[in-house]
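J.: Sequence:
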Amino acid sequence: MTTSQPVPPARPADGVPTVSVEGLALCAGKRTIFRDVSFDVPTGSLAVLAGPSGRGKTALALALAGRLTPTAGRATVLGLALPRHAGSVRRRVGFTGNESVTPLDGTLTVKHHVAEALQLAGPWWRPSASRKRVDRTITAANDLLGGLEDVFGDGEGGAPLVQARLHRSELVRDAAPAARFALGLVLALASDPDILVVDDVDRLRTAPERRAAWAALLTLGHTRDDARPLTVVATCRDRQELADVLAPGHRLEALPLRSAAVHTLEAPPTPAPEIR
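For the sequence shown, the numbering used here begins at 1 and goes up steadily by one.
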């Protein structure tokens, strides 16, 4: 006999954190990926998971996106308990920045890659990649880059943005790094998620590019048409460029920004040597 389960809520109630984890841990055999992770992420804010390589930042980001099952602790995302409702969480979380999870196909033109990504993100029974929507998606990425260029002006921060625009017929691999970053963001938002997870901001190689990336994450989708807040989770090794754009007197402070909190992951314990 089958029983029907009530449909879980799509987002948490007012005043409840969008993400809440307590004592979360992930082990693989004898190896500890991360452990004792506890924090809350307020709705509409930016949560930064920081720490050197090997601290489990990507694994934690995948766990919060419902794509990896922790081995201990408690986690709720959008009011949904993990891993029980991992499928529902995956449908409400956009993910970008990890080439193993959401790769950008450098061998395709921008228009073909966008069309393919939109089709995969949409329902199977309805075409989701009309020419109009493909053009609108590319324009959204270019508008994001243009807005950031206006914020940074002619200084060092704006230099990588001047030529960073997507062109329909160019190969994705030939686009500027900042343009590929913007493309990943808008494609991750194509399904209108409540949470955006961005892995490895440090893959942008220069400090000006990383400053632009943090500026995008602080302002992106802050006010959407239906007034739903967008919560952002991002991982990085070095958060210096985030501190740069949040410093008093930066031109970015004139814009409405989401609040930001940094959660530094501790080093996993070193296993004791075997005694034979």
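These are computed hints drawn from the structure, not numbers from a lab. None of these values were measured; they are calculated from a predicted model. C-beta atoms are modelled at their ideal positions from N, C-alpha and C, and glycine is treated no differently. One or more of the hints may lead you astray.
Restraint-style ranges between C-beta atoms, simulated for each label pair [claimed, not checked]:
1) S38 <-> A207: 44 to 52 Å
2) P103 <-> D135: 34 to 42 Å
3) G54 <-> R173: 36 to 44 Å
4) R131 <-> S38: 20 to 28 Å
5) D238 <-> P103: 19 to 27 Å
6) D192 <-> R131: 18 to 26 Å
7) D238 <-> C27: 22 to 30 Å
8) H167 <-> D36: 25 to 33 Å
9) Q163 <-> D135: 16 to 24 Å
10) L255 <-> R228: 28 to 36 Å
J.: Decide, hint by hint, whether the structure agrees.
T.: Now the hints, each set against the structure:
1. The hint said 44 to 52 Å for the Cβ distance between S38 and A207, and at roughly 31 Å that hint is violated.
2. Restraint check, P103 to D135: a C-beta distance of roughly 23 Å breaks the suggested window 34 to 42 Å.
3. Taken as a hint, the range 36 to 44 Å is violated for the pair G54 and R173, whose Cβ atoms sit roughly 29 Å apart.
4. Taking 20 to 28 Å as the suggested C-beta distance range, the pair R131 and S38 does not conform, at roughly 47 Å.
5. Checked against the hint of 19 to 27 Å, the pair D238 and P103 passes, with Cβ atoms roughly 24 Å apart.
6. Between D192 and R131 the beta carbons are some 20 Å apart, a value that agrees with the proposed interval 18 to 26 Å.
7. At roughly 27 Å, the beta-carbon separation of D238 and C27 lies within the given 22 to 30 Å, and the hint holds.
8. At roughly 47 Å, the beta carbons of H167 and D36 sit outside the given window of 25 to 33 Å.
9. Between Q163 and D135 the CB atoms are about 21 Å apart, so this pair conforms to the stated range of 16 to 24 Å.
10. A beta carbon spacing of about 19 Å between L255 and R228 contradicts the range 28 to 36 Å that was offered as a hint.
The structure fails hints 1, 2, 3, 4, 8 and 10 (numbered hints given earlier, in ascending order).
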